[in-house]
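Participant: I would like the entire structure built from these sequences, with the hints used as guidance.
2 protein chains.
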Amino acid sequence: MSMGTMSLHRVCGVFVFLSLCLIFIPPRCHGGNILVFPLDGSHWVNMKILLEELHARGHNLTVIREDNSWYIPEKSPLYTSITFDSKESFEDMLGAFLQEHMKMQREGASLMTFFRLTMHLLSTFSQVHSLWADATINIFEDQNVMNSLKESKYDLVLTDPTVASGLVLAKYLKLPVVLNVRWITSGDGHFVLAPSPLSYIPVPGSGLTDKMNFIQRVKNMLFHSIILFQQKFVVEPCYETLCNKYIEGGCDIISLLQEADIWLFRSDFVFDFPRPTMPNIVYIGGFQCKPAQPLPADLEDFVQSAGEHGVIIMTLGTLVNALPKEVANEIASVFAKLPQKVIWRHKGERPSMLGNNTLIVDWMPQKDLLGHPQTRVFVAHGGTNGVQEAIYHGVPVLGIPLFFDQYDNLLRLQERGAGKILQLGDVNGKTFEQGIKELLHQDSYRQNIQRMSRLHRDQPMAPMDQAVFWVEYVIRHKGAPHLRTEAYKMPWYSYYCLDVLLLLLTAVTVLLMSTVAVFQFLCCRRQRKTKSKQN
Amino acid sequence: MSMGTMSLHRVCGVFVFLSLCLIFIPPRCHGGNILVFPLDGSHWVNMKILLEELHARGHNLTVIREDNSWYIPEKSPLYTSITFDSKESFEDMLGAFLQEHMKMQREGASLMTFFRLTMHLLSTFSQVHSLWADATINIFEDQNVMNSLKESKYDLVLTDPTVASGLVLAKYLKLPVVLNVRWITSGDGHFVLAPSPLSYIPVPGSGLTDKMNFIQRVKNMLFHSIILFQQKFVVEPCYETLCNKYIEGGCDIISLLQEADIWLFRSDFVFDFPRPTMPNIVYIGGFQCKPAQPLPADLEDFVQSAGEHGVIIMTLGTLVNALPKEVANEIASVFAKLPQKVIWRHKGERPSMLGNNTLIVDWMPQKDLLGHPQTRVFVAHGGTNGVQEAIYHGVPVLGIPLFFDQYDNLLRLQERGAGKILQLGDVNGKTFEQGIKELLHQDSYRQNIQRMSRLHRDQPMAPMDQAVFWVEYVIRHKGAPHLRTEAYKMPWYSYYCLDVLLLLLTAVTVLLMSTVAVFQFLCCRRQRKTKSKQN
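Protein sequences appear in the order of chains A and B. Read in this note's numbering, the first sequence has 220 at position 220, and its numbers run on one by one without any break. Read in this note's numbering, the second sequence has 128 at position 128, and its numbers run on one by one without any break.
It should be emphasised that the hints constitute simulated quantities derived from the structure, not laboratory data. Treat the hints with care, as some may be off.
[Stated by the list, open to error] One side of the interface only, derived from the structure: several residues of chain B facing chain A at Cβ under 7 Å:
#, residue
1, 194
2, 198
3, 217
4, 269
5, 272
6, 276
7, 277
8, 300
9, 461
10, 483
11, 487
12, 494
13, 500
14, 529
[Claimed, not checked] In silico DSS-like cross-links for lysine-lysine, where the CA-CA straight-line distance does not exceed 30 Å:
#, chain 1, residue 1, chain 2, residue 2
15, A, 211, B, 171
16, B, 290, B, 171
17, A, 174, B, 290
A virtual CB, placed ideally from N, CA and C, is assigned to each residue, including glycine.
Facilitator: See below:
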């Protein structure tokens, strides 16, 4: 075969192959114009990863941020920004809440603590939502910004619905909506979107699993009631002025959520309990995970110096500046006794009991350490990112949950024998030592999380590619209303078929009563006849 | 740059690229050992397409078939077969049913016809399930076959759960199960698997959409009752002997369905109404669709001779041997008047009124004709395959539904303005002419189905690749129990939280009554005191 023919064959082959591939490879969306309304703080970490990918694929991004933003810089090569005035800083508000919350937790579990924590949480929610609603009013009042938003002809709004500002703005601009979501303050977004039988779907924050006994199901229903209360009397009122003033006919937040085109859910069913879902939910759990990169030389040396014992890494996330001093000291003294090396991301005062085997750092390359073969255990607070990375790299987790969904996240690992929870109120030298030794020496923890890792990686498509695909899908088709059910257009009694049941019940009752009446009539006539015969 | 360096660079580049890709590309499963228990007849057409793909990817297939099989040959390069004795032929049974059913339909819609059709359907279901249950007993009784099944160490059972034989066999052999399913005789499989609020999810066979008024919701609930009745009193009893004799502790069909690992659903949400779904449901609607191939020369000449008017193609599926004579004649005379050319797959007596523009054929390359740019309208019975191919190629459908899900399939096109239904009882020259002209000249039909085509093709992954991925996933992980909810392990009153509601209701009642009692007590005391003072 001459070179010429071979090349021709090759060209033809490649052409046929590409033609076949192209049948199901959708056209790329170059130059999509996306308006992003993120939540500040740790939620931004996730949103930014998605924005980096969208930017890399040629999309034009505009990010709305508050003037005293905590995490979101005004200038970035990724996006142009629109800055609005905000009375208070989200950072200060949340920071104060977290410290107070942690203090209460240290007092130990009791009904009183639970009640105080709940009230504290509800009042913070109210503050946060009011803050963002007021800030959004500032945007609506700024004619220059509004004109620019209208003229920019965005393809969609990408928002984190933990606060509803992005949803209201999208409604006003009549734009399709893609949500980047883990949970919303009115409960898991699923509860808004998909049937969620309370018998096997634990309410977020309840600390329950999908296997509930009777008492736990009662507890789940009570938590559900709290969440309904919170939505109706804490969250919704914050947006009342905003909705009534700027949206024709008003709006409520649940309806706005239900109108979203695509929900990018930062979860999946290796991590989460299986449950009903909807066609417009895309599970992108672990979308931020990447293979580990080599460590900096000094860190690599430290890690290798651990030899066969391996390394423990510990971090309690970006939100916590300092653990209570006594807790930090107890933990340090346990670490000091271990043959392992320890890398501990710790801010604040240096624990006095620190051992030679423990390296205190301000920051650590968490994913690269998790992916390092020397890493044995991850001591973590249970933030979604950390837990997903632990699953991806298959490292068992000793979890000390602090706030929000962290307990629920860790519970999912514990339920699968891939991690163990230590409540902040219970952390002391003894419990911490017990916990860490259990994770180090009981092989099942590693086996279980490595099975989770294999399942997580075995997906038809990488979660990040899924996320980008569906954002571009909404751009290509100007929304995805065909993936939304009719459910949300119905009044609740129709949705639950209560009107139909009432009709059928009435029909059956009438039928039964008529039958009884007829029989009575017939019996009476007979009796009368018998009597008259006897007479 | 020398050739050597360039090659090295290339090799490195390719290596890095492949390494990156491999993170989320799962290992292939060569040599999976799959036991297939298909349903005979038109369902086999779909199953075979999936088997061809699995065979091409190196899997080893064993197909169980009846000795007088209708569609499934004993010898095939795709699979080795296990043949069992069957008293009656499925073909004869179903053939007789279809002719009788069509005759009844021609009598026009009335409550009496509906009642007779339903009774006819129920009695046929009973016959079919009994036939397959008895045949399965023959398999269990054949020691040679059973030994061979046990020794073959299959990785999974792939079955069509329209009849439950495959499920029972999988339960006995303790094997993971993958279902290839469109609907099951006890209603849409979704009703077994996922929450299906009757307020917006039409029961299969009800002829309803997802937008129902009050009366339609009443109708939907009545249809649901029929289906429950059918499952409990028609389907389940057929398998009682089989379950009790061969499965330890007995079995019921719904539970066996709920234990399946993966449901490959031959549907998607471009075609079907959006609804709640489950993590272990994979929508593979249109998985059989492929780009059109060139037509045979004579057919291409005929198609081209139509010029600007284009071509109409008509087929009523493989199950119908002959349309009633008078209907065929009326249709032929309408075709004769049209400027289009017509290709009509028609068996039985040649219509006397046939025009020169109409080509009668025994068989036609349906997908290639649907994908031909000359094709204007598809006259079809509404079988799932044909409808999916019409969507894929974007050709509007004039539907004459005959049995089973055909009306429901066509209704989904009609609802989206992509097709029109003509009931068999209403087909005459006038209605057929009206219908065909509407589809030819009203542009919206073509626009709507072409929009559906664009949406259908815009998927992250081709449906066939999805199907194969999930079959191989079950092989790799020996099942997928982590995708199944806890729902099916609960008694119904716990699933619906009725026990919890009863407790809370009792608690509220007791609380109210105690309060009333306390008040009464206090009031009485006060009255007594006042009285005693007065005295």
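Participant: State for each hint whether it applies.
Facilitator: Now for the hints, and whether the structure bears them out:
1. Evaluation of the residue 194 of chain B hint against chain A yields a held restraint, the C-beta minimum of about 5 Å falling below 7 Å.
2. Annotation: residue 198 of chain B was flagged as interfacial toward chain A, and the flag holds, the nearest CB pair being 5 Å apart, inside 7 Å.
3. With 7 Å as the threshold, the beta carbon of residue 217 of chain B comes within range of chain A, its nearest partner Cβ sitting at about 5 Å, so the hint holds.
4. Among the interface hints, the one on residue 269 of chain B holds; its C-beta lies about 4 Å from the nearest C-beta in chain A, closer than the 7 Å criterion.
5. The beta carbon of residue 272 of chain B comes no nearer than 9 Å to any beta carbon in chain A, farther than 7 Å, and the hint placing it at the interface is violated.
6. Of the supplied interface hints, the one on residue 276 of chain B holds, with its beta-carbon coming within about 5 Å of a beta-carbon of chain A, less than 7 Å.
7. A least Cβ separation of about 6 Å between residue 277 of chain B and chain A falls short of the 7 Å threshold, and the interface hint therefore holds.
8. Proximity of residue 300 of chain B to chain A is violated relative to the hint, the smallest CB-CB distance being about 20 Å (cut-off 7 Å).
9. Because the beta carbon of residue 461 of chain B sits about 5 Å from the nearest beta carbon in chain A, less than 7 Å, this interface hint is met.
10. For residue 483 of chain B, the interface hint holds, the least distance from its beta-carbon to any beta-carbon of chain A being 5 Å, beneath 7 Å.
11. Hint status for residue 487 of chain B relative to chain A: holds, with the closest Cβ pair at about 5 Å, below 7 Å.
12. Taking 7 Å as the C-beta cut-off, the interface hint given for residue 494 of chain B holds, the closest approach to chain A being about 6 Å.
13. Taken as an interface hint, residue 500 of chain B checks out: its beta carbon lies about 5 Å from the nearest beta carbon of chain A, inside 7 Å.
14. The closest approach between the C-beta of residue 529 of chain B and any C-beta of chain A is roughly 38 Å, which is over the 7 Å cut-off, so the hint fails.
15. Among the hinted pairs, residue 211 of chain A with residue 171 of chain B is consistent with the structure: their alpha-carbon atoms are about 24 Å apart, no more than 30 Å.
16. A threshold of 30 Å between alpha carbons decides the hint, and for residue 290 of chain B with residue 171 of chain B the separation of about 35 Å lies outside it, so the pair is violated.
17. Annotation: proposed proximity of residue 174 of chain A to residue 290 of chain B is violated, straight-line Cα distance about 37 Å (limit 30 Å).
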